[in-house]
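Spelled out from the first residue to the last, the chains are:
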Amino acid sequence: GAGVSQSPSNKVTEKGKDVELRCDPISGHTALYWYRQSLGQGLEFLIYFQGNSAPDKSGLPSDRFSAERTGGSVSTLTIQRTQQEDSAVYLCASSHGSSYGYTFGSGTRLTVV
Amino acid sequence: AQKVTQAQTEISVVEKEDVTLDCVYETRDTTYYLFWYKQPPSGELVFLIRRNSFDEQNEISGRYSWNFQKSTSSFNFTITASQVVDSAVYFCALSAPTSAGGYNKLIFGAGTRLAVHP
Chain D
1 GAGVSQSPSN KVTEKGKDVE LRCDPISGHT ALYWYRQSLG QGLEFLIYFQ
51 GNSAPDKSGL PSDRFSAERT GGSVSTLTIQ RTQQEDSAVY LCASSHGSSY
101 GYTFGSGTRL TVV
Chain A
1 AQKVTQAQTE ISVVEKEDVT LDCVYETRDT TYYLFWYKQP PSGELVFLIR
51 RNSFDEQNEI SGRYSWNFQK STSSFNFTIT ASQVVDSAVY FCALSAPTSA
101 GGYNKLIFGA GTRLAVHP
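Residue numbers (the working numbering), protein chains in the order written: chain D, 1 to 113; chain A, 1 to 118.
Since the hints were derived computationally from the structure, they do not count as laboratory data. Where hints are given, some of them may not hold.
Claimed, not checked - Quick list of in silico lysine to any residue cross-link-like pairs, SDA-like style, CA-CA up to 25 Å:
#1 LYS16(A) / PHE54(A)
#2 LYS38(A) / SER5(D)
#3 LYS3(A) / PRO55(D)
#4 LYS38(A) / LYS15(D)
#5 LYS38(A) / SER38(D)
#6 LYS57(D) / LYS3(A)
#7 LYS38(A) / HIS96(D)
#8 LYS57(D) / THR31(A)
#9 LYS57(D) / LYS16(A)
#10 LYS38(A) / THR111(D)
#11 LYS57(D) / ASP29(A)
#12 LYS57(D) / GLU44(A)
#13 LYS38(A) / HIS29(D)
#14 LYS3(A) / GLU85(D)
#15 LYS11(D) / GLN39(A)
#16 LYS38(A) / GLY42(D)
#17 LYS15(D) / ALA54(D)
#18 LYS3(A) / GLU59(A)
#19 LYS3(A) / GLN41(D)
#20 LYS11(D) / GLU15(A)
#21 LYS38(A) / SER9(D)
#22 LYS15(D) / THR111(D)
#23 LYS57(D) / THR5(A)
#24 LYS11(D) / PRO41(A)
#25 LYS17(D) / PRO61(D)
#26 LYS38(A) / ASN10(D)
#27 LYS70(A) / GLY101(D)
#28 LYS38(A) / SER106(D)
#29 LYS3(A) / GLN83(D)
#30 LYS3(A) / ILE26(D)
#31 LYS11(D) / SER42(A)
#32 LYS38(A) / ARG81(D)
#33 LYS38(A) / SER27(D)
#34 LYS57(D) / THR111(D)
#35 LYS3(A) / LYS11(D)
#36 LYS17(D) / SER38(D)
#37 LYS38(A) / SER87(D)
#38 LYS17(D) / ARG81(D)
#39 LYS3(A) / SER73(D)
Just need the whole structure built from these sequences, with the hints factored in.
In structure tokens, the structure reads:
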């Protein structure tokens, strides 16, 4: 597609439920990243996929968070047993390679009530 | 360890003023990339510039200019003759190599919120 597409744009969920956030990167981009931006905070790295290499999961805050990237394209970030502190905007980005400019999606605003 | 510091939390200017956003970075690597992103109220992060550590030439793009100084580990961003549409949060970021030889995550500063008033 022309840009990085994320869905849903907004998600309200009850504490304890699982959620799935989707990212559709720019066609042909081999690198895909997930970041989290909490209210009034900076951008926190979560996970990075590059081609067929093992993902860099070093930013995932707990084992309730996981992500996969199928067929080198679409990625899903899953948060299990959501907590209120998970409330944030989850941003996805893609690039040709990790040293190039990253193109970000509009994000998914997650609210855990 | 890598770190990016944007000491200015918020800046408020009147239209047509020039404004400089500061960015100081820390890395032990000799090869790295620096970035600036703009986040308007719509929320999407917009890529502005990428600069590699071997290129210290200043860059100008319209009303935007960037001053990269390795001696002070700074990569400052100046907007000349600011406009209301420049109101946004601006993030400076650093990408450093991994032990495997590639680059991965962008390390962001906390951002500077710029408000340009008519």
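Consistency of the hints with the structure:
1. In summary, the hint linking LYS16(A) to PHE54(A) is not supported, as the alpha carbons are separated by about 33 Å, beyond the 25 Å threshold.
2. The hinted pair formed by LYS38(A) and SER5(D) meets the criterion: a straight-line CA distance of about 18 Å does not exceed 25 Å.
3. Our distance criterion of 25 Å between C-alpha atoms is met by LYS3(A) and PRO55(D), whose separation comes to about 22 Å.
4. Among the hinted pairs, LYS38(A) with LYS15(D) is inconsistent with the structure: their alpha-carbon atoms are about 32 Å apart, more than 25 Å.
5. Annotation: proposed proximity of LYS38(A) to SER38(D) holds, straight-line Cα distance about 17 Å (limit 25 Å).
6. For the hint linking LYS57(D) to LYS3(A), the alpha-carbon distance of about 19 Å falls within 25 Å, and the restraint holds.
7. For the hint pairing LYS38(A) with HIS96(D), the CA-to-CA distance comes to about 20 Å; that is within 25 Å, so the pair holds.
8. A threshold of 25 Å between alpha carbons decides the hint, and for LYS57(D) with THR31(A) the separation of about 23 Å falls inside it, so the pair holds.
9. The suggested pairing of LYS57(D) with LYS16(A) is violated, with an alpha-carbon distance near 44 Å, which exceeds 25 Å.
10. In summary, the hint linking LYS38(A) to THR111(D) is supported, as the alpha carbons are separated by about 24 Å, within the 25 Å threshold.
11. With a CA separation close to 22 Å, the supplied pair LYS57(D) and ASP29(A) stays within the 25 Å bound.
12. Pair hint LYS57(D) plus GLU44(A) holds up; C-alpha atoms about 23 Å apart against a cutoff of 25 Å.
13. For the suggested pair LYS38(A) and HIS29(D), the alpha carbons sit about 21 Å apart, so the restraint of at most 25 Å is met.
14. Annotation: proposed proximity of LYS3(A) to GLU85(D) holds, straight-line Cα distance about 24 Å (limit 25 Å).
15. A C-alpha spacing of about 21 Å is found between LYS11(D) and GLN39(A), which places the hinted pair at or below 25 Å, so the restraint holds.
16. Restraint check for LYS38(A) and GLY42(D): satisfied, since their Cα atoms lie roughly 13 Å apart, inside the 25 Å limit.
17. The suggested pairing of LYS15(D) with ALA54(D) is violated, with an alpha-carbon distance near 31 Å, which exceeds 25 Å.
18. At roughly 23 Å between alpha-carbon atoms, LYS3(A) and GLU59(A) fall within 25 Å of each other, so this suggested pair holds.
19. At roughly 15 Å between alpha-carbon atoms, LYS3(A) and GLN41(D) fall within 25 Å of each other, so this suggested pair holds.
20. Note on LYS11(D) and GLU15(A): the hinted pairing is violated, with a Cα-Cα distance of about 37 Å set against a maximum of 25 Å.
21. Restraint check for LYS38(A) and SER9(D): satisfied, since their Cα atoms lie roughly 20 Å apart, inside the 25 Å limit.
22. Note on LYS15(D) and THR111(D): the hinted pairing holds, with a Cα-Cα distance of about 9 Å set against a maximum of 25 Å.
23. Between the alpha carbons of LYS57(D) and THR5(A) the distance comes to roughly 24 Å, so the proposed pair stays at or under 25 Å and holds.
24. Distance restraint check for LYS11(D) and PRO41(A): the Cα-Cα separation of roughly 19 Å lies within the 25 Å cut-off, and the hinted pair is therefore satisfied.
25. For the given pair, LYS17(D) sits about 17 Å from PRO61(D) by alpha-carbon distance, which is consistent with the 25 Å threshold.
26. Of the supplied pair hints, the one linking LYS38(A) and ASN10(D) holds, its CA atoms being roughly 21 Å apart against a limit of 25 Å.
27. For the hint pairing LYS70(A) with GLY101(D), the CA-to-CA distance comes to about 21 Å; that is within 25 Å, so the pair holds.
28. Among the hinted pairs, LYS38(A) with SER106(D) is consistent with the structure: their alpha-carbon atoms are about 13 Å apart, no more than 25 Å.
29. At roughly 28 Å between alpha-carbon atoms, LYS3(A) and GLN83(D) are farther apart than 25 Å, so this suggested pair is violated.
30. For the suggested pair LYS3(A) and ILE26(D), the alpha carbons sit about 28 Å apart, so the restraint of at most 25 Å is broken.
31. The straight-line distance between the Cα atoms of LYS11(D) and SER42(A) is roughly 17 Å, inside the 25 Å bound, and the hint therefore holds.
32. Distance restraint check for LYS38(A) and ARG81(D): the Cα-Cα separation of roughly 33 Å exceeds the 25 Å cut-off, and the hinted pair is therefore not satisfied.
33. A distance of roughly 23 Å separates the Cα atoms of LYS38(A) and SER27(D); the hinted pair therefore holds under the 25 Å criterion.
34. Restraint check for LYS57(D) and THR111(D): satisfied, since their Cα atoms lie roughly 23 Å apart, inside the 25 Å limit.
35. For the proposed pair LYS3(A) and LYS11(D), the alpha carbon gap of about 32 Å is over 25 Å, so the pair is violated.
36. Using a Cα cut-off of 25 Å, the hinted pair LYS17(D) and SER38(D) holds, with the two alpha carbons roughly 19 Å apart.
37. Of the pairs offered as hints, the one joining LYS38(A) and SER87(D) holds, with about 22 Å between alpha carbons and a cut-off of 25 Å not exceeded.
38. For the hint pairing LYS17(D) with ARG81(D), the CA-to-CA distance comes to about 5 Å; that is within 25 Å, so the pair holds.
39. Annotation: proposed proximity of LYS3(A) to SER73(D) is violated, straight-line Cα distance about 30 Å (limit 25 Å).
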